[in-house]
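Asker: Please take these sequences and the hints and turn them into a complete structure.
Going down the list, the protein sequences come from chains U and A. Okay, so the first sequence: first residue is 135 according to the working numbering, each after it adds one. Okay, so the second sequence: first residue is 926 according to the working numbering, each after it adds one.
These aren't lab readings, by the way, just hints derived from the structure by calculation. Among the clues, some could well be false.
[As the list claims (entries may be wrong)] Below, a list of computed lysine-lysine pairs in the DSBU-like style, where the Cα atoms sit at most 30 angstroms apart:
| hint | chain 1 | residue 1 | chain 2 | residue 2 |
| --- | --- | --- | --- | --- |
| 1 | A | LYS1022 | U | LYS181 |
| 2 | A | LYS1148 | A | LYS1164 |
| 3 | U | LYS201 | A | LYS1055 |
[What the hints assert, rightly or not] Just a sample of chain U residues kept apart from chain A, beta carbon distances all over 10 angstroms, derived:
| hint | residue |
| --- | --- |
| 4 | LEU168 |
| 5 | LEU215 |
| 6 | ALA231 |
| 7 | TYR235 |
| 8 | VAL236 |
| 9 | VAL239 |
| 10 | ILE290 |
| 11 | ALA297 |
| 12 | VAL312 |
| 13 | LEU322 |
| 14 | ILE341 |
| 15 | LEU342 |
| 16 | TYR361 |
| 17 | PHE362 |
| 18 | SER391 |
[Claimed, not checked] Sample of chain A residues facing chain U (criterion: CB under 7 angstroms; computed from the structure):
| hint | residue |
| --- | --- |
| 19 | ALA1001 |
| 20 | ALA1024 |
| 21 | TYR1080 |
Where is the CB? At the ideal position from N, CA and C, for every residue including glycine.
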Amino acid sequence: MSDQETTKIEIGDGAAIPSPEDRGLVSAWWIALLGTVSLLIILPLVKPDPYLRILKFVPDGILVTFKVTVFSILLAIVIGLLTGLGRISKNRLINMAASLYVEVVRGIPLLVQLFYIYFALGRIVRVPDIVAAIVAMAFCYGAYMGEVFRAGIKSIDFGQTEASLSLGFNQRQTMAYVILPQAWRTILPPVGNEFIALLKDTSLVSILAVSDILRRGREFAAESFNYFETYTMIALIYLLITLVLSKLISIMEHRLSHYERR
Amino acid sequence: MLKRLLFTLVCLAVLCNSAWAQKTIVFATDATWPPMEFVNDKKEVVGYAIDFITAAAKEAGFTPVFKNTAWDGIFAGLAANKYDAVVSSVTITDDRKKAMDFTEPYFSVRQALIVNKNSDAQSLADLKGKKAGAQIGTTGYFAIKAVEGVEAKSYDEIGLAMEDLNVGRIAAVVCDDPVAANYALVQYKDNLKIAAVMQTGDVENYGVAVKKGSKELIDLLNKGISAVKAKGLDLELKKKWIGQ
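Answerer: Structure follows, in structure tokens:
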């Protein structure tokens, strides 16, 4: 185990994940965090109108953003696992279906998919807007997640499968008890990365009139004409959330790398 | 020789601009608001407001240029000098007057409530606990927010709100009555109806919004607007675009 190279899957659309080795207080992450927090505290104190009013206006939007993010990522992980398994399946039909899904979804911009699923779904079944948004986000991210899963599973040496099969495990048991538990180590960091990317992309659902952080901010700005101040606060709120999440993922990555030699 | 010719041409062009050519005024308009301003199938921005301003321009002597701009942020662009004026069915309100200046009114509307054909709601007060939609930052949206117990949903474009009402995600849409008529009586005539033209608010007046302190521009625009009204051209336009 210990001499096995851990494969890192790099995906570029998440936040910058701080290096786990970077423990110093003077790092980009700490400077960004301190700057964000102090701006979020100082601005409303110095100029309560409009900064404090903005902070009071958006919290339910933050909740909606989290709701959309968490439910979408959970659904996307399930879809991604199925897609990833489908992509390496030897059954040609399943393989074809999974590959087709990935090809189609990755070829259409997320914004277009959101509009499409939102309004197409609306014609067929009557679901609340937030559910339509979650389905659309999960449908898109499931394809990306599928690629992460596929790469993670592929990164496990084929010798493991051979050994497991020769010990009398069948295909399914091999996957469930031998390959996937090991693949998790490779898969989890990029999944965390996708989580942050998805959180940022949920700002797109504001176009579907889902009242997330951005939509709440826009409503505030449209009423008070404080465009600059509002978007400053919105940007800071998003930044604070992603900074905290990226640090958590960095810590998780560190924990998972305990097999690596340092 | 060539240089001299070029120089003369440049001089001429500059002179033309400053002395003889008419002043060009750039108007921002969110062309998603039929029949006041919208994009027709030839991809031109047309509508009552466009015709009205073009007529006013002829009277007052300036060249209008219309720039299709998203509604959300249209006033921020005005403050940032991206265009000279906003003509986009902007109701003159006290709150807006604090942020910008308005010309004389060029059109009057009321807010209309649109619901599904099988709904028996007569006013926003009948929709307690339900969702009602409107375009973000419009007087229709403010009207919904003013009613206790109705959840206000803001849309980027009124068309998206109408589609959501059509499929039943929201219970009602509030917007200006000519726009309401266009959607409820033409585009979605099988599904939607106008439940009420709201009596709660007063008549709303559309004005052209300009940056605060643009006295000269307002005078020029007012000159055109009053000339169009005095000649009765606005009545012709109403007949053309609205029908009554």
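Asker: If a hint holds in the structure, say so; if it does not, say that too.
Answerer: Going through the hints against the structure:
no. : hint                  : verdict
1   : A:LYS1022 / U:LYS181  : holds (23 angstroms)
2   : A:LYS1148 / A:LYS1164 : holds (23 angstroms)
3   : U:LYS201 / A:LYS1055  : holds (21 angstroms)
4   : LEU168                : holds (30 angstroms)
5   : LEU215                : holds (31 angstroms)
6   : ALA231                : holds (29 angstroms)
7   : TYR235                : holds (26 angstroms)
8   : VAL236                : holds (29 angstroms)
9   : VAL239                : holds (23 angstroms)
10  : ILE290                : holds (45 angstroms)
11  : ALA297                : holds (54 angstroms)
12  : VAL312                : holds (47 angstroms)
13  : LEU322                : holds (36 angstroms)
14  : ILE341                : violated (6 angstroms)
15  : LEU342                : violated (8 angstroms)
16  : TYR361                : violated (4 angstroms)
17  : PHE362                : violated (8 angstroms)
18  : SER391                : holds (44 angstroms)
19  : ALA1001               : holds (4 angstroms)
20  : ALA1024               : holds (5 angstroms)
21  : TYR1080               : holds (5 angstroms)
Hint violations for this structure: numbers 14, 15, 16, 17, all remaining hints satisfied.
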